[in-house]
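Undergrad: Residue numbers (mature numbering (1 follows the signal peptide of the UniProt record, and there is no 0)): -25 to -1, 1 to 1010.
Misleading hints may appear alongside valid ones.
Quick list of the computed label-pair ranges, beta carbon to beta carbon [as the list claims (entries may be wrong)]:
1) F861 / K438: 51 to 61 Å
2) Q444 / P16: 24 to 34 Å
3) P16 / K438: 27 to 37 Å
4) S964 / G46: 22 to 32 Å
5) Q538 / Y576: 35 to 45 Å
6) V348 / D48: 47 to 57 Å
These are computed hints drawn from the structure, not numbers from a lab. Beta carbons are placed, not taken as given, at the ideal position from N, Cα and C, and that holds for glycine.
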Amino acid sequence: MRKNLKRISLMVSLLFLFGLSLIHAQEMQITGQVTDTEGEPLPGVTVVKKGTTTGTITDIDGNYSINANKGDDLVFSFIGMEKREVRVADQRILNVELRSTMQDLEEVTVVAYGQQKKVSITGAITSVQSEELMKSPNASVANSLAGKVTGLSTIQFSGQPGADDPSIYVRGVASLSEERSEPLMIVDGVERSFMDLDPDEIESISVLKDASATAVYGVRGANGVIIVTTKRGEKGEAKISTSFSTGIQQPTRLLDFADSYTYAQRYNEAELNDDPTLTPDQLRFSPEAVEAFRTGSNPIIYPDTDWVDYILKPSAMQYKGNVSISGGSDKVKYFVSLGILNQDGLFETFDSQYDYNFSHQRYNYRSNLDINVTSSTKVGVTVGGRVGITNQPNAKDGMDQLFRLIYWSVPFSGPGIVDDKYILNSDYYIADNKKDGLDPFYGRGYSNILNNTLNFDIDLEQKLDFVLQGLKFRTKISYNTNYRHAKVRNSSVAHYEPYFRKDLDPEADPDDGTIVYRKIGSDGNLGYNENYGKGRNWYFEAGLNYNRKFGLHNVGALVLYNQNKVYYPRALNGGPAENQEIPAGLVGLVGRVTYDYKTKYMADFNLGYNGSENFAEDQRFGVFPAVSVGWIPTEEPFMQGLSFINYMKIRASYGLVGNDKIGGDRFLYLPNSYEPSSGGYNFGTNNPSNQTAAAEGRIGNPGVTWETAVKQNLGIDFKFIQGKLGASLDLFKENREDILTYRGTVPGFVAYDLPAVNIGEVENQGYEAEVKWNDRRSSDFRYWLNLNVSHARNEIIFMDEVPQNEDYLYRTGHPVNQPFGYVFDRFASEADAEDGADIPDHQYNLQPGDMIYKDLNDDGVIDQDDQKAIGFPNYPEFTFGANLGFEFKNFDFSMSWAGASNTSRMLGETYRIAFGNTLNRSLLQYMADERWTPETAESATYPRMTLTGSNNNSKDSDFWLKDASYVRLKNMEVGYNFSGSFLRRFGISKLRAYMNGYNLLTFDNLEITDPESRTGSDSKYPLTKIYNLGIKVNF
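With these hints in hand, go ahead and build the complete structure from the sequences.
TA: This is the structure we're talking about:
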């Protein structure tokens, strides 16, 4: 037995040793080098076989050696570097490149007239890459920036196809008007709008905010600068990228109007409120009519049409497509792109013979070519542009009034189009002031507008190392042209008024319910008219650029001359500027010196010297200097032992910049010539005759000049937890002086309007904060979260106001465009009406349910001296954003939230006057439901129904000023990247399918209208949300 046990023990031992020999036979020695992205060796990198404790550390040259089996995963980790897992195959030499967790600090950021590594930037600059822009399906790329850039806010006027660009503000408003506070826009180094660019052709967008970043733009840099860089080719084989998406547009919010039955009841109620002695047959709507509206028994004679629902479709389609090809060699690199956008409008066309619906087609094209003529000479050629074709209905009172007139229409005005007849019921109209929803546009024809924009740039860069190492000469010539051609097809259409036959024919049967129509007007043929517009400008720059490293010292310098001439200049509102036929010019010099020591201590000095022909010769040129410094304490020895903080940079800047946006007026330093007066002069006594005479135009101000802004910025940036957590904070302050405005304290005996003078002063200050988290948990999973908040509040320091009776009446000391109005106290009770409480409008007696305002100065009279600052301006003081998402294997998800607070909307006339100020307009449902009545006196939200007291009840007050704060899901995207050998069979390198959306959810207290729209106005095309499906294929 013992002998058998020995034999078994020997066999087990032999099998164990044999198994070990098999294991070691599969192991092999793996060697290699670990480097960073620039090829520098990394010593001290830990290399471990995943799931074991077996490991090693790289030597001083980054080399390592480890035994591993085929199929093992080697894990490479190092402080400040992203962890990387590599699977062992048949290779015995395995070189690995690790990416810094703070790699973004080494990334190059576009700055004014150049580029800088992010780590060396000492100014306030935020950048957005193209990948973020392409996640939004909206047409205007500017709308994609909301919530993604600290300090930047957007306010959208309209959702109209081809006209949905927002207003943009960088760090709020710092001038005396919002229009003069919009930033300078630069595309590929030339002043151009970027809003109609295709996101697929954009490489990055940089937002320059402080003086050190914008001083080189001189008189154009005070409001911040947005620099857009388009994509260029890279060395390698040709890469073809295609994308196509289709989406559905829907209004974010539409007004809800009372139906015919409710309207008739409330109108009669209003008449009785104003005059309780009226009998039923004296009311505008008879009992028979009210009952017919209720039952809907005769929709032709007694129609009930929701005009918004009738005219606007529930949704409209849009699609986008792009194809690009890029690549190159050592000699030539190229990027060519062609994009298309099509947006349909929301209007129904009712089988019209012609298309008057809103629509917009945009065709973007670009060819960026870089040629290395020699090893020291580079030439860049850029041709880009777009063709836009916009279709829109001809509007009765102009496009700005179209939607207002539709919203004013009453539901009983007609049933619309019935049996191809435009039917209009005029029984309940005030004569010649019809308010039906089709009248503003139907049958009036359409306009088709072509906009053709072409941009051409040629750049030359010549290295001058033979003169001085690191010296380069650069020059750019740019020509830009725009052509506009509008075809206007006018027409007219007959309408038909319905009647009961018995009402027209005395011999008809009284019970005959037959309806007959009377034709009014005639159907006209489409007419034709056209108009043209054009604009062009050229730009030239030439300069010397110097960059060189001396040991631990990095030195840079730039000297540049530029000149710009604009033919047919435009005003701030887009219309023709004054003296449009005279070209506008700008000339200037740019200087910059940069220095850093060990990328630890940094300093920049920037200088802009500009001249504008809008000012007199002795006021034409100005100098705009700025300086900034930076320090990275984490490079100091005393912070090397702090493991919890990986990076810290402190930045500060101070400088002077200017703003030459002075509206559409030009040459304000020149008086207008004498010209025939409009009124003339009377001569004689008994029979005076009016004789034409000369009158002086505007008085000139030879001292008029630009605004100046002194800007200060203090910032700090952090990186924690191996760069996974990042944070930044900026504090800023700006004093804007010499703002062009008109004096308010001119005595009446002067009898003339004095010229504009540079006397306004505004102070603007605030902060920006951003926190970022980016963590890759494994090779298959990564997630991120970016949060940002910005605050900018301005205050008018001086604007030369007329003396006021009360201190609270002054605009000085308040923000620009601060709303002023009455302060609502309560709805009047029976006792108030009997006591005769005072109201601003003394044309009628106060009635129960009317609005009573507070007597702020306690003088017993409610008048203009009882108006004070209320709420906030249209633009927000606070903006914030949240961008988050994750990637898991081939699947990815992301969303972007944007929000604003401390912003208000003063509701327009439609929103606050029941039946309108002409007493024949629409009635909003909330006013009908929540009005004051004796029964609802304690719970009513809105004043009584009235036809006489609307002037008092609709005064500008805090009652009609609504909080427009909101939080909105701006973008959301879900995507999947397909992979597999089957793709390579077709030459496909990447296939991606995705769904995304825009303006998907909104949380706000406004509810009545979209909180992001410009104002509480009712005249604009509704803002839209978009649901979108897309596919991208790369070859």
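Undergrad: Against each hint, give a clear statement of whether it holds in the structure.
TA: Status of each hint after checking the structure:
no. : hint                    : result
1   : F861 / K438: 51 to 61 Å : 45 Å, violated
2   : Q444 / P16: 24 to 34 Å  : 27 Å, holds
3   : P16 / K438: 27 to 37 Å  : 30 Å, holds
4   : S964 / G46: 22 to 32 Å  : 27 Å, holds
5   : Q538 / Y576: 35 to 45 Å : 36 Å, holds
6   : V348 / D48: 47 to 57 Å  : 49 Å, holds
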